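In this text, residue positions in the sequence shown follow the UniProt record's numbering: the first is 1, and each later residue adds one.
Among the hints, erroneous ones may be present.
To be verified - In silico lysine to any residue, SDA-like type, Cα no more than 25 Å apart, as pairs:
| # | residue 1 | residue 2 |
| --- | --- | --- |
| 1 | Lys88 | Ser119 |
| 2 | Lys84 | Ala144 |
| 3 | Lys63 | Val102 |
| 4 | Lys93 | Glu127 |
| 5 | Lys36 | Asn3 |
| 6 | Lys63 | Ala18 |
| 7 | Lys93 | Asn3 |
| 8 | Lys63 | Phe6 |
| 9 | Lys88 | Glu106 |
| 10 | Lys63 | Glu112 |
| 11 | Lys88 | Asn3 |
| 12 | Lys36 | Pro116 |
| 13 | Lys88 | Gly101 |
| 14 | Lys93 | Arg65 |
| 15 | Lys36 | Glu99 |
| 16 | Lys93 | Arg80 |
| 17 | Lys93 | Arg31 |
| 18 | Lys84 | Ile40 |
| 19 | Lys93 | Arg11 |
| 20 | Lys84 | Val102 |
| 21 | Lys84 | Gly50 |
| 22 | Lys36 | Met62 |
| 23 | Lys36 | Gly117 |
| 24 | Lys88 | Pro74 |
| 25 | Lys63 | Arg124 |
| 26 | Lys88 | Arg65 |
| 27 | Lys88 | Ala144 |
| 28 | Lys63 | Arg11 |
| 29 | Lys84 | Thr24 |
| 30 | Lys63 | Ala144 |
| 31 | Lys93 | Val121 |
| 32 | Lys93 | Ala144 |
| 33 | Lys36 | Arg97 |
| 34 | Lys88 | Ala47 |
| 35 | Lys88 | Val130 |
What the hints assert, rightly or not - Using C-beta positions, here's what the derived DEER-type ranges look like:
| # | residue 1 | residue 2 | range |
| --- | --- | --- | --- |
| 36 | Gly100 | Glu41 | 37 to 45 Å |
| 37 | Arg132 | Gly52 | 24 to 32 Å |
| 38 | Glu112 | Ala145 | 34 to 42 Å |
Simulated from the structure, these hints should not be mistaken for lab results.
As the structure is a computational prediction, the values presented were derived from the model and not from experiment.
For every residue, glycine included, the Cβ atom is placed at its ideal position computed from N, Cα and C.
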Amino acid sequence: MVNTTFASVTRIDAPVAAVWEVMTDHVRYARWGSAKTVIIERPGTPAPNGLGAIRCFQAGPMKVREEVTAWEPPTRMTYRLNSKQMTKTYTSKMVLRDEGGVTVLEWSSTFEPRVPGTSAVVRRIYERAVARFAAGIKADAELAA
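The whole structure should be built from the sequences, with the hints applied where relevant.
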């Protein structure tokens with residue numbers, strides 16, 4: 001199968017360091033998405049959110065696990081989806097850059113669907129989730145700034 005990619009860009013009126021703090025606070029993601037809770041199943045380095053951290057999003061009986069695979073404060077974090085409900089593989093890269101006092105969050109993702117012919121549907125589901133999380137990061141970082 002062919003990998004599918006998508007990306008988003010979010011402009012945030014807050015310093016990079018403030019956005020990084022919000023973006024990498026994994027438990028906070030429960031406030032923005034459909035998961036009712038997000039727990040750190042395995043702390044990373046630095047603890048608890050850093051490299052190697054496994055975060056688990058829970059919505060009812062459904063659990064989605066993600067693992068932090070790169071941690072470069074305060075500008076870059078990557079993660080992969082360890083749960084395989086809709087995809088064989090899924091990776092995302094979140095990059096922050098300062099653009100004249102505004103932080104730009106570039107979030108790019110690549111996945112391979114589990115079922116042939118479902119790329120468009122799966123992409124829409126993931127794009128909506130990323131948009132909700134990016135909006136939450138933006139709102140909380142701007143409020144903190």
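- Message: Holds or violated: Lys36 and Gly117, Cα atoms, limit 25 Å.
- Response: The given pair, whose Cα atoms are some 30 Å apart, is violated under the 25 Å limit.
- Given pair status - Gly50, Lys84, alpha carbons within 25 Å: Holds - the C-alpha atoms of Gly50 and Lys84 are around 22 Å apart, at most 25 Å.
- Query: For the pair supplied as a hint, Lys36 and Met62, is the alpha-carbon distance within the 25 Å limit?
  - Reply: holds, 10 Å
- For the pair we were handed, Lys84 and Thr24, check the Cα-Cα distance against 25 Å. At roughly 23 Å apart (the allowed maximum being 25 Å), Thr24 and Lys84 satisfy the hint.
- Does Phe6 lie within 25 Å of Lys63 when you go C-alpha to C-alpha? holds, 23 Å
- Are the Cα positions of Lys63 and Arg124 separated by 25 Å at most? Distance of about 19 Å is within 25 Å: holds.
- Query: Does the alpha-carbon distance linking Lys88 and Ala47 stay inside the 25 Å limit?
  - Reply: Violated, at about 28 Å.
- Item | 25 Å Cα cutoff - pair Lys93, Arg65 | holds, 16 Å
- Message: Just to be careful, I want the Cα atoms of Lys63 and Ala144 compared with a cutoff of 25 Å; is the pair within it?
- Response: Status violated; Cα separation ~30 Å.
- Taking only the CA atoms, is the gap from Lys63 to Ala18 under or equal to 25 Å? violated, 29 Å
- Query: Are the Cα positions of Lys36 and Arg97 separated by 25 Å at most?
  - Reply: With a Cα-Cα distance of about 30 Å, the restraint between Lys36 and Arg97 is violated, given a limit of 25 Å.
- Query: Holds or violated: are the alpha carbons of Lys36 and Pro116 at most 25 Å from each other?
  - Reply: Judged against 25 Å, a Cα distance of about 30 Å means the pair is violated.
Of the numbered hints listed earlier, those contradicted by the structure are 2, 3, 5, 6, 12, 13, 15, 20, 23, 24, 27, 28, 30, 33 and 34.
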